[in-house]
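Just so you know, the sequences run in chain order A and B.
According to numbering that gives the first Met the number 0, the stretch in the first sequence is residues 0 to 208, in order.
According to numbering that gives the first Met the number 0, the stretch in the second sequence is residues 0 to 208, in order.
For the record, the hints were derived by calculation from the structure and aren't laboratory data.
Hints may be right or wrong, so weigh each one.
Calculated pairs, BS3-like style, for lysine-lysine (alpha carbon to alpha carbon, straight line, at most 27 Å) [said to hold, decoys possible]: (1) A/Lys160 to A/Lys22; (2) A/Lys110 to B/Lys17; (3) A/Lys110 to B/Lys111; (4) B/Lys17 to B/Lys111; (5) B/Lys17 to A/Lys192; (6) A/Lys130 to B/Lys192; (7) A/Lys111 to B/Lys160; (8) A/Lys112 to B/Lys160; (9) B/Lys17 to A/Lys160; (10) B/Lys192 to A/Lys111; (11) B/Lys207 to A/Lys130; (12) A/Lys160 to B/Lys160; (13) B/Lys160 to A/Lys192; (14) A/Lys111 to B/Lys111; (15) A/Lys192 to B/Lys111; (16) B/Lys192 to A/Lys110; (17) B/Lys111 to A/Lys160; (18) A/Lys160 to B/Lys112; (19) A/Lys95 to A/Lys111; (20) B/Lys192 to A/Lys17; (21) B/Lys160 to A/Lys207.
Covered stretches of chain B, going by a simulated chain A footprint (3 or more residues, C-beta under 8 Å) [to be verified]: (22) 125 to 136; (23) 185 to 197.
Don't be surprised by glycine CBs; every beta carbon is placed ideally from N, CA and C.
2 protein chains.
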Amino acid sequence: MKNRGVLAVISGFSGAGKGTLMKALLERYPNYALSVSCTTRSPREGEVNGREYYFVSGEEFEEMIAADQLIEYACYCGRYYGTPRSYVERQMEEGKDVLLEIEIQGALQIKKKFPDTVLIFILPPDAAELKRRLTGRGTETEEVIAARLSRAAEESEEAWKYDYLLVNDDLEECTEALHHLIESQHYRAGEQKERMRQIQEDLRAYRKN
Amino acid sequence: MKNRGVLAVISGFSGAGKGTLMKALLERYPNYALSVSCTTRSPREGEVNGREYYFVSGEEFEEMIAADQLIEYACYCGRYYGTPRSYVERQMEEGKDVLLEIEIQGALQIKKKFPDTVLIFILPPDAAELKRRLTGRGTETEEVIAARLSRAAEESEEAWKYDYLLVNDDLEECTEALHHLIESQHYRAGEQKERMRQIQEDLRAYRKN
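Model the full structure from these sequences, guided by the hints.
This is the structure in structure tokens:
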């Protein structure tokens, strides 16, 4: 009897290292599937349709909303972003743990609809380290860095609503911790219902004999 | 900043292998402390005061109840069993994860008083395997085995109230799973409060500058 997969939503400040973590998990363990979002924004250079995002038109996106084909969606800076339902459900049915890297608003929508979803927020060890990482990339202007830090301050007001806050200090350690955290969700009482029911039934039968 | 330890209560059917699991965890990882219960029953052959139990008189036990020195207690077969508060609290303060192997009623009492406690129920892979293990010991009469199976059937009605149900099929795998499950509790949002508050404060300060 193959267990149904877990849906793990990963969020975190820009610079917390979410992308690197997802990549490490997917490379290292065969039980993960990465959900790719849809967006109405244009592809940036180097982005591939179906890898970073599915790039769709505004009309297509609205048709997906109308047909209830998205498990969450949100609008940022005038562009839609959403998570296609079919991929997530199919992978979970097949026993894969689905990783979904999205923003806080979408994450909270999903938790409300599917309370079994595990919400994980990735934190830097401290604010100074976050600033160092954003600065260290060397590709952003001071204004962009200031905007990201400001956004992080706002996001930190909502991170409380997540189930777990995981510190990404050392990539290796954090990847393992994230993996073990997601694995542990399979032992939640609700996930073991079928096995427990079977044991109970068999124990009762012994008692009758 | 050393994090406070987690209190993990482990229960399970007789024959599920709880004792062996606890022993493996304690031998393998330095971050665990095993809480030893008090009881008013007499020591059995080979039992050492302070190792299996603290053996106390009925009067002493009632004084501990009156002085609120027990975080839970229950009466089985006319004998008291209880968990001394001071050891558990001291170990948790020192950052140790405290393991407590007790019965369901005591476990539910503790969860009510201390909702951060994680309740873990150890299951056999199936009822037939449980029967095999109980029979395989070769030390119990058929009546005793029947009584244990009957008790397991009763306990299975309450195991639902636990946070996690962990199957002990392979000792090695189950020990690792249990360890990772307890480790993961440290990432719960409530446990990361102090760090999160600090990051938030620092991010706000950046915004002001």
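Okay, the hints, checked on the actual structure:
1. With a C-alpha separation of about 25 Å, the suggested pairing of lysine 160 of chain A with lysine 22 of chain A holds against the 27 Å cut-off.
2. Of the pairs offered as hints, the one joining lysine 110 of chain A and lysine 17 of chain B is violated, with about 34 Å between alpha carbons and a cut-off of 27 Å exceeded.
3. About 25 Å separates the Cα atoms of lysine 110 of chain A and lysine 111 of chain B, which keeps this hinted pair within 27 Å; it holds.
4. Straight-line distance between C-alpha atoms of lysine 17 of chain B and lysine 111 of chain B comes to about 23 Å, which keeps the hinted pair within the 27 Å bound.
5. Under the criterion of a C-alpha separation no larger than 27 Å, the hint pairing lysine 17 of chain B with lysine 192 of chain A is consistent with the structure, at around 21 Å.
6. Distance restraint check for lysine 130 of chain A and lysine 192 of chain B: the Cα-Cα separation of roughly 21 Å lies within the 27 Å cut-off, and the hinted pair is therefore satisfied.
7. A threshold of 27 Å between alpha carbons decides the hint, and for lysine 111 of chain A with lysine 160 of chain B the separation of about 22 Å falls inside it, so the pair holds.
8. For the given pair, lysine 112 of chain A sits about 23 Å from lysine 160 of chain B by alpha-carbon distance, which is consistent with the 27 Å threshold.
9. Note on lysine 17 of chain B and lysine 160 of chain A: the hinted pairing is violated, with a Cα-Cα distance of about 34 Å set against a maximum of 27 Å.
10. For the suggested pair lysine 192 of chain B and lysine 111 of chain A, the alpha carbons sit about 23 Å apart, so the restraint of at most 27 Å is met.
11. The straight-line distance between the Cα atoms of lysine 207 of chain B and lysine 130 of chain A is roughly 15 Å, inside the 27 Å bound, and the hint therefore holds.
12. A threshold of 27 Å between alpha carbons decides the hint, and for lysine 160 of chain A with lysine 160 of chain B the separation of about 23 Å falls inside it, so the pair holds.
13. Between lysine 160 of chain B and lysine 192 of chain A the alpha-carbon distance is near 12 Å, which keeps this suggested pair within the 27 Å criterion.
14. For the suggested pair lysine 111 of chain A and lysine 111 of chain B, the alpha carbons sit about 25 Å apart, so the restraint of at most 27 Å is met.
15. Restraint check for lysine 192 of chain A and lysine 111 of chain B: satisfied, since their Cα atoms lie roughly 23 Å apart, inside the 27 Å limit.
16. Distance check on the hinted pair: lysine 192 of chain B and lysine 110 of chain A sit about 21 Å apart at the alpha-carbon level, within 27 Å; holds.
17. Of the supplied pair hints, the one linking lysine 111 of chain B and lysine 160 of chain A holds, its CA atoms being roughly 22 Å apart against a limit of 27 Å.
18. The suggested pairing of lysine 160 of chain A with lysine 112 of chain B holds, with an alpha-carbon distance near 23 Å, which does not exceed 27 Å.
19. For the hint linking lysine 95 of chain A to lysine 111 of chain A, the alpha-carbon distance of about 21 Å falls within 27 Å, and the restraint holds.
20. A threshold of 27 Å between alpha carbons decides the hint, and for lysine 192 of chain B with lysine 17 of chain A the separation of about 21 Å falls inside it, so the pair holds.
21. Distance hint between lysine 160 of chain B and lysine 207 of chain A is fulfilled; the C-alpha atoms sit about 25 Å from each other, no more than 27 Å.
22. Only when three residues or more bring their CB closer than 8 Å to a CB of chain A does the claim for the stretch 125 to 136 of chain B stand; here the count is 5, and the claim holds.
23. Chain A is given as covering the stretch 185 to 197 of chain B, and this holds because 7 residues of the stretch bring a CB closer than 8 Å to a CB of that chain, at least three being needed.
The structure shown violates the earlier hints numbered 2 and 9.
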